[in-house]
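Mind docking chain B on chain A? Use the hints.
Protein chains in written order, with our numbering: chain A, 652 to 991; chain B, 38 to 239.
Hints were generated in silico from the structure; no laboratory data involved.
Computed from a predicted structure; not experimentally measured.
Listed below are the simulated DSS-like cross-link pairs for lysine-lysine, each with C-alpha atoms no more than 25 Å apart in a straight line:
hint, chain 1, residue 1, chain 2, residue 2
1, B, Lys217, A, Lys731
2, B, Lys124, B, Lys75
3, A, Lys731, B, Lys212
4, A, Lys803, B, Lys68
5, B, Lys143, A, Lys803
6, B, Lys111, A, Lys757
7, B, Lys208, A, Lys803
8, B, Lys232, A, Lys803
Reference excerpt, derived from the structure (chain B facing chain A, CB under 10 Å, subset only):
hint, residue
9, Ala77
10, Gly78
11, Gly145
12, Met202
Don't be surprised by glycine CBs; every beta carbon is placed ideally from N, CA and C.
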Amino acid sequence: MSGAANPVSPPDITITCDPDKLAEFEQRIADGVLIEPGDWMPDSYRALMLRMAEHHANSEIVGALPEGEWITRAPSMLRKLALIAKVQDEVGHGQMLYRVSQELGKSRDDMLRDLITGKTKYHNCFNYPCPTWGDIAMIQWLIDGAAIMNQKTLADGAYGPYVRTMNRINMEEAFHFKSGEDMVLTLMGGTKGQQIMAQDAFDRWWPIALMFFGPADKPNAEELPAMKWRMKTERNDSLRQRYVNRFAPAAMDMGLVIHVCEKDAAGLVTSKRPDEAIALDEDTGNWSFTQPDWDEFWRVIRGNGPCNAHRVALRRLSYEQGAWVRRAIGTGAVATPPAA
Amino acid sequence: MSKVREQDLTFGDSLPDPTPDARHWVIYTMKREAAPYKWAGYVDAPDASLALQFAREHYGLDEACIGIIAHEHKDASDGVYSLDPLKPGNAAGDDGDSWTVFTLEKRGGNHQSAGTVNAPDAKIAIERATAAFAGPKVRSIRVVPTARIHETTESELIIWRTHDMNYKLAKGYAKDVRAKWSRFRDEKTYEQYRKDDIAKHF
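So here's chain A without its partners, still in its complex pose (with noise of 0.2 Å):
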């Protein structure tokens, strides 16, 4: 689901290598050729290629804990076997780019360990919770939504292994939107208290949504690594546009309010005024909007969000309890669960 491999505040880069294989590295990119790992390649693309593929495989396992909450009370058992093979994707997704990642240099181990210890980030839009099963609707159809538009681009990337990687995931994540499509057309369809629980969602997740690109870029991204390495390869505003052009208004014809909201500090809505700035513009056929509360997201990638500390204690959780099978397949010695 997360998709958003667009971790901010990348590290600085200094490029220290043969400036020939460098110009002939960049050049391959500039023609559009993918690298492969047997390929020569900067010691700084492998280090932030690693960081982007490691942030998304963290966001795809730490996103399947809100879903997964809800497989026990999913509302019909068409929904509760859509919901599981959903979870069992995104963890999927994850062992994926893990290898990925793995293939760059990390041990796996070391990867979770820096998750759990914080060294590591995710996706921000995981720190929010799912009260109801609007959430789980509307994470399907605007965040799985958002993450195919984001992954479509980064499958447009030069790094062989991510890209085919980005293909097959992009491929899942199809049902995950159509399947969250469904359940937010049935909930707007459905009775007067369906369709509160649908909005109160939407109120909850339209700017979690629009943040999920994250802020703009730099003015001058296009020189800077990740888009000169065609690690990313459009511009985080170029696509909360395009993105907002397409759920706005199917959103506004399913009969959703786009609201402006304050939100508590568990992250649920204390106040909302419709968003005035909803409006298409003929000309360009941009839909403008307001923005995100940009100080909230700063304040909850520093993890200071709703959920931060629960999503990454249940992650240690995991860790902990599964050592001992963890020892026990990879080392073959005997090997005893915790006590209970």
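Just chain B, lined up with the frame of chain A:
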């Protein structure tokens, strides 16, 4: 909410000792009779049996396939990833063990099975495979000892096809989504939206 998610999660100061990464397997699926096996993804598993079981769960359920094979990543030997199509060369010979050959037709694409060659080691296997399978599109050759390739049986796969699993395919929702959208949008508008969905936005 499940009990585990309601409990107060507190931890000690230190993490458990590091654990080794599991064995890593590469998975390929065959979509229909006589088609090549194509790269599907990866799984980590302690042995071949579990690797195939995980592969059936993950990759065999996502799209109908009639066969799955797996090999350990360390058993694969990749030749160069060429910018241009490989030239066949003139390596010849038929001595040695069997190696299964996979070709890669474009960088960033997926390896697919092409056949087998006999060779005494991986280097010669790649040379002989290049002579046998290089074509106008092939950019790279991968060889794996045939004896190290593990395959699902027909009966293992059929069990996953005994009930309707359209719920985990995008197309499984198409009819319902269309019907539900028609409550909000007329048919013509919906049809344009559906086309845009695929072509323009996704």
